[in-house]
Amino acid sequence: MTSWTIAKQEFKLALRSRWLILMAVLFTLLSVILLFFGGQPVVDGFDGFTRQTASLLNLSLFLMPLLTLLVGGMLIAGEKEDGQLVLYMTYPITERAIIFGKYIGIGLSLLTVLFIGYGTSTIILLFFGTVQWSITILFFLISALLILLFLSIALSIGFFVSGRLQALGMGLLFWAFFVLLYEFIVMALSMVISAKSVLLLLTISVFLNPVELIRVFTILFLGSGTVFGPSIYDFTIWASSWVGATMFGVTALVWILCPLGIAHWILRGGRRI
Amino acid sequence: MWVFLFLVMAFCFSFQEPVFAEEATPLQPLIDGASAGDIINLENKTYNGPIRIDKPLTLQGEEGTVIEGDRKGDVITVEANDVTIRSVKINQSGLGKQHAGIILKKVERVTIESNTLEQVQNGIFVRGGRQHTIRDNTFSSYDEHFAKRGNAVHLLATKNNVIENNKMNHVQDGVYLDDATDTIIQNNRVTDSRYALHFMFSREAIAQDNQFTNNMNGIMAMNSEDIRIVDNLFERNLNYRGFGVLIYEMKNVDFEGNQLLYNHTGLEIQSSENVIVKNNVVAGNYIGLASKGLNKQVVFSGNDMAGNIIQAKLAGNPIALDDGLLGNYWDDYRSYDLTGNGIGEVPYEASSSTSDLLQSHPHLQFYFESPAMTIWQSVEKMFSNLKDAVNIDRFPIVK
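Sequence order for the protein chains is A and B. Sequential numbering from 1 applies to the first sequence in the numbering used here. Sequential numbering from 1 applies to the second sequence in the numbering used here.
Among the clues, some could well be false.
What the hints assert, rightly or not - Cross-link-like lysine-lysine pairs, in silico, DSBU-like; alpha carbons within 35 Å at most: (1) K196/A <-> K106/B; (2) K292/B <-> K196/A; (3) K106/B <-> K148/B.
To be verified - Ranges of calculated distance between the beta carbons of each label pair, as one might list FRET restraints: (4) V243/A <-> Q98/B: 42 to 52 Å; (5) L30/B <-> I237/A: 29 to 39 Å; (6) V346/B <-> F177/A: 30 to 40 Å; (7) C258/A <-> F383/B: 53 to 63 Å; (8) T2/A <-> R334/B: 49 to 59 Å; (9) T130/A <-> V398/B: 47 to 57 Å; (10) E144/B <-> T130/A: 46 to 56 Å.
As the list claims (entries may be wrong) - Listing some non-contacts, in silico: residues in chain A with all C-beta distances to chain B over 12 Å: (11) T5; (12) K12; (13) L20; (14) Q52; (15) A54; (16) L70; (17) T120; (18) T136; (19) F160; (20) F174; (21) I185; (22) A195; (23) I232; (24) W265.
Rather than coming from a laboratory, the hints here were simulated on the basis of the structure. Just so it is clear, CB atoms sit at the ideal spot from N, CA and C, and this is done for glycine as well.
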């Protein structure tokens, strides 16, 4: 028995369950809003980063982590509650294989739903003749990346807590921290430390939070690094270079692998199973 | 012995000959020899300046015609009416005392077209006179800091001039209007200079369809009146104290249909009277609209305000952000049009504590419209008191 078996089983279970249909509807709605409004320039002759692009990006930044944290955490915690996880542990399979299997299985089902959502909305918009492929692909990739990054955090939450309700609570707590509180904390810090170290603080802060990672690199990817302003020009230049891009990739990978490692550690320790 | 001398002479001539060939032809005798109304066709070679034109003449160049100054004074001095200078390259004026490629001294109806003026301090200096046409020329000044360069076109105490389709690059000011009346400035492109257009004590000018990119200021308009600025593009005037357009102590300005993109400050209005700013696009600037001092009868309406980090920085006495029926489109306006007339039901307040915060802590721009900033602004809107607000748009456009 390998992680692939687990992944296949997880995928099948997911396809049968009802939450998936609900999420498909939600993603479709979300992507219709994103693509419909994102594809239309409000102001003639100006195609830079506007508050409209920003609010569309924010919609993804708010919703994707929330949905992933809740779904991922509750699924694992649910299996724990129902005793399924204990059952897995009696099979000849390593903890690592279970974790990777779960990650791949749930990840694939979420991405499938996301794909269905974006696919449906693209088809809907095709009837109105206003599909902008670059925007469609960009927002799909942002959402997919957010799912992959937050799923591993969701899994370690799931393995850590003892039941669905706790998973819900902790999921919300993590979401609030990453999406809502984190920026305020960094802003507050940046106003008390010396002006010289502000640039360093901001640079580090980007890599310590997947939401920031996606936000900043999406804006850079759109070629709109100038909205960050002249005071952190050095960062913008650095992050737009290939070194910055590599850092982005490596950090994203670390954000996927680290929480999975923690999950592994929890599972190995046999904590609260 | 004779043979030896002959050889020496031959040797010397063989060196001197190419020097003679490279020497430029003096142009002044050609002009002195011509009679009024003549057309002087210049050949594909370099002519020696400086020259004085004191009768109605046409100087017609061809490809490769160069009139070269002596790097001391003006290259061409025009002292007669109805002179035309066409298709020549003019260079090497003096540097330091307002020297020019072409100077027009109290004359009328001079046409200067399709010329290239480079390595001159000022391009064309118009002193007095009227009814000149400056068209299809290319200008650039000496490769110095802009404080040492001159203007592409300098209009001083002159009337009824047309300046169109010119390209001006790397000069001090593109067109400098000093005590100029009734000037038409259209379809010009000014880049990498100090001010693209500079109005001082002038009146009745229209600037339309020009493109001003990468200068310190697009237009510096000071102490002038009855100026129309229509359908121009002001782009990437990014200097820290750079403006798309600065309107300072002006009277009767019509500013319509322009695009102000990616400037440090899009439009600033200071101590001016009767300024109508209508249907412009002000986008991607650090500060979209700024005002200072005592402004009277300034109306700002029908404009698109999008992607400016700070939409409006309004000091001094309040200016009208709507014309009584219609306001502007603000991309940070967060209310709705319930009646379907294209106008939001809640007034837009054009200053916020976020923009104050940005001005005191510029690095916070890193969080431009980020999730946290959005929440901050929403909370602020919830508790804001529009009754106390001074700078409001009562009829914000909803798209």
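Hints versus structure:
1. Taking the CA atoms of K196/A and K106/B, the gap is near 59 Å; set against the 35 Å cutoff, the hint is violated.
2. Proximity of K292/B to K196/A is assessed by CA-CA distance (about 32 Å); at most 35 Å being required, the pair is judged to hold.
3. Proposed proximity of K106/B and K148/B is supported: the alpha carbons are some 26 Å apart, at most 35 Å.
4. For V243/A paired with Q98/B, a C-beta distance near 50 Å keeps the hint of 42 to 52 Å intact.
5. One distance hint, 29 to 39 Å for the beta-carbon pair L30/B and I237/A, is violated here, with the actual separation near 56 Å.
6. For V346/B and F177/A, the hinted distance range of 30 to 40 Å is satisfied, since their beta carbons lie about 33 Å from each other.
7. Judged by the Cβ atoms, the range 53 to 63 Å given for C258/A and F383/B is violated: they are separated by roughly 40 Å.
8. Take T2/A and R334/B: their Cβ atoms lie about 51 Å apart, and the range 49 to 59 Å holds.
9. Between T130/A and V398/B the beta carbons are some 20 Å apart, a value that contradicts the proposed interval 47 to 57 Å.
10. Our hint of 46 to 56 Å for E144/B and T130/A holds, since their Cβ atoms are close to 52 Å apart.
11. Listed as a non-interface residue, T5/A keeps its Cβ farther than 12 Å from every Cβ of chain B; the least gap is roughly 39 Å.
12. No Cβ of chain B approaches the Cβ of K12/A within 12 Å, the least distance being about 35 Å, so the stated non-interface status holds.
13. The Cβ of L20/A sits about 27 Å from the closest Cβ of chain B, beyond the 12 Å cut-off, so the non-interface label holds.
14. Some Cβ of chain B comes within 12 Å of the Cβ of Q52/A; the nearest lies about 6 Å off, and the non-interface call is violated.
15. With a closest Cβ-Cβ approach of about 3 Å to chain B, A54/A is found to fall inside the 12 Å limit, against its non-interface label.
16. Look at L70/A: its CB is around 18 Å from the nearest CB on chain B, clear of 12 Å, so calling it non-interface holds up.
17. For T120/A, the requirement that its beta carbon stay farther than 12 Å from each beta carbon of chain B is met, with the minimum near 26 Å.
18. The beta carbon of T136/A sits about 22 Å from the closest Cβ of chain B, which is more than 12 Å, so the claim that it is off the interface holds.
19. Every C-beta of chain B lies more than 12 Å from that of F160/A, the closest at about 25 Å, which supports listing it as non-interface.
20. Chain B leaves F174/A outside its interface by the beta-carbon criterion, the shortest separation being 15 Å against a cut-off of 12 Å.
21. For I185/A, the condition that its CB be more than 12 Å from all CB atoms of chain B is violated, with the nearest at approximately 9 Å.
22. Under the 12 Å C-beta cut-off, the non-interface status given to A195/A relative to chain B is violated; the minimum distance is some 8 Å.
23. For I232/A, the condition that its CB be more than 12 Å from all CB atoms of chain B is violated, with the nearest at approximately 6 Å.
24. Non-interface call for W265/A relative to chain B: holds, since the shortest CB-CB distance, roughly 30 Å, exceeds 12 Å.
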